[in-house]
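This is what each chain is made of:
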Amino acid sequence: MSESIKTDVVIVGAGPAGLFAVFELGLLDIKAHLIDILPKPGGQCAELYPEKPIYDIPGFAKLSGQELVDALLRQIEPFHPTFHYGEMVESLEVLGSADAPLFRIRADGGQSFECKAVIVAAGGGSFQPKKPPVPGIEAYEGKSVFYAVRKIEDFRGKHVVIVGGGDSALDWTLNLQPVAKHLTLVHRRDEFRGAPHSVKAMRELVTAGRMELRLGQISSLKGEAGELASVTVKDASGGSHEIPCQRLIPFFGLTMKLGPVAEWGLNLHENLVPVDAGTFETNVPSIFAIGDINHYPGKLKLILCGFHEGALAAQKIYHYVYPGKRLTFQYTTSSSSLQKKLGVN
Amino acid sequence: MVKITYIDSSGEARTIEAQEGSTVMEAAIRNGIPEIAAECGGGCACATCHVYVGEKWVALTGKASDQEEDMLDFAYKVQPNSRLCCQIKVTPELDGLTVTTPDRQG
Ligand SMILES: Cc1cc2nc3c(=O)[nH]c(=O)nc-3n(C[C@H](O)[C@H](O)[C@H](O)COP(=O)(O)OP(=O)(O)OC[C@H]3O[C@@H](n4cnc5c(N)ncnc54)[C@H](O)[C@@H]3O)c2cc1C
Ligand code: FES
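Going line by line, the protein sequences match chains D and U.
Using numbering that gives the first Met the number 0, you'd call the opening residue of the first sequence number 0 and step up by one each time.
Using numbering that gives the first Met the number 0, you'd call the opening residue of the second sequence number 0 and step up by one each time.
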């Protein structure tokens, strides 16, 4: 396992609230690492509505979800935050005390972090793969059914079935076909969302008899003690086909689930984290919650509220990171020291 | 106002009045219709507003666009009359529309 990363603040979630918090922390000389399960920044804005216009970002009459994310990334660039994508924060351990806070955070990839403050900017929860409602599928998860590929070796010499028509399904079809004993791609129609060159490569493998493409939807599973033996595919005309299957990889997109946040010792109120509305601190000293994940009287789940919350949280975090130091209030317009940090002076 | 009936997966029917120009998803959310999640708020980006359009309404509601077909890949138990109801605009011709919701959205 790699060595623990030591930093001032770890921000859980790289949605708009987490991204802007980097800016507010940076102005106060506080360094941050951001962790997100998604492979990219932007949270809901990037994952759910990149092309849709937002009309209520102060100062911008109209901005698309992705444009907002891109603008935030440019804005926080001077502070060189470190991003850790594709990593789910699993555990948060309190090592210190309210006077000398210290936390250990672990991500599912094995990386650990030590920091003096934590900002939970987890939004509606972590984006996680959707599970198809095939009866009994849970019994096979982690052994025969995988929603992501971590180790290619798990698939060597096996009957592999991949379900889906997007890039994930096609990429893994092409990557696993050479190692699998036999690979079947199951998709509900003969059209694919994925990149045209991947579709072409897949079709060539089918023509060459090196893999199979089956049009239809998975309806049931057969196996024993977590070991899958076969899956049944229903086609559009109602016909059923049983195909041998030891490894099943369904790709049905992502959905938001609260996830591990519930296990960090934070108070919860209907899946939200209650905070002090002046500092956005949770019930645990030096753990803060901003953006859609928090709750306080009058809370609105708006991006602009997340921005405000990050600014105020940073003020309190300063005192945990630099105990005893005085914090003077300054404007970016007129403070030469802030401008120096921003690299504009 | 346009009447729409939502039949849930257990067979219970709920009829509501929808505003012209809104979508079948928006009308459902506004009226607390169960079994429609609409996580992306109508962005055609989540497939959690999946419905089956009543047979005699299939022609009137029309075909799913390419983008909607792509998102339907993320829905379960997709049938020829499957639609994402955030993509169905409420028009006067749809007065009396019935849609059925699947037992799971995501
Ligand atoms: C369709 C739609 C339209 C909207 N329109 C507007 C609008 O016009 N104006 C407006 O102000 N708001 C709008 N919103 C709401 C806005 O998108 C949210 O308020 C905003 O995204 C919240 O930002 P956030 O940073 O708090 O969380 P999110 O954007 O939800 O990001 C949280 C991130 O944290 C990650 N995460 C969570 N837990 C973990 C974990 N344990 N480990 C790793 N990563 C984790 C998630 O993967 C996610 O990427 C809209 C939302 C939707 C769905
Ligand atoms: S509400 Fe998300 S696709 Fe319809």
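What the hints contain is simulated information worked out from the structure, not anything from laboratory work.
One should not assume that every hint holds.
Restricting the straight-line Cα-Cα distance to at most 20 Å, the calculated cross-link-like pairs of lysine to any residue (SDA-like) are [said to hold, decoys possible]:
#: 1; chain 1: U; residue 1: K62; chain 2: D; residue 2: K300
#: 2; chain 1: U; residue 1: K2; chain 2: U; residue 2: R29
#: 3; chain 1: D; residue 1: K300; chain 2: U; residue 2: A36
#: 4; chain 1: D; residue 1: K221; chain 2: D; residue 2: H181
#: 5; chain 1: D; residue 1: K300; chain 2: U; residue 2: K2
Cβ-to-Cβ under 7 Å is the rule here; a few derived chain D residues that face chain U [claimed, not checked]:
#: 6; residue: L27
#: 7; residue: K30
#: 8; residue: Y54
#: 9; residue: P57
#: 10; residue: G164
#: 11; residue: R187
#: 12; residue: K256
#: 13; residue: C304
Please read these numbers as outputs of a predicted model, since none were measured by experiment.
Ideal Cβ placement from N, Cα and C applies to all residues, glycine included.
The hints, checked one at a time:
no.: 1; hint: U/K62 to D/K300; result: 34 Å, violated
no.: 2; hint: U/K2 to U/R29; result: 14 Å, holds
no.: 3; hint: D/K300 to U/A36; result: 17 Å, holds
no.: 4; hint: D/K221 to D/H181; result: 18 Å, holds
no.: 5; hint: D/K300 to U/K2; result: 31 Å, violated
no.: 6; hint: L27; result: 34 Å, violated
no.: 7; hint: K30; result: 34 Å, violated
no.: 8; hint: Y54; result: 13 Å, violated
no.: 9; hint: P57; result: 21 Å, violated
no.: 10; hint: G164; result: 5 Å, holds
no.: 11; hint: R187; result: 6 Å, holds
no.: 12; hint: K256; result: 10 Å, violated
no.: 13; hint: C304; result: 17 Å, violated
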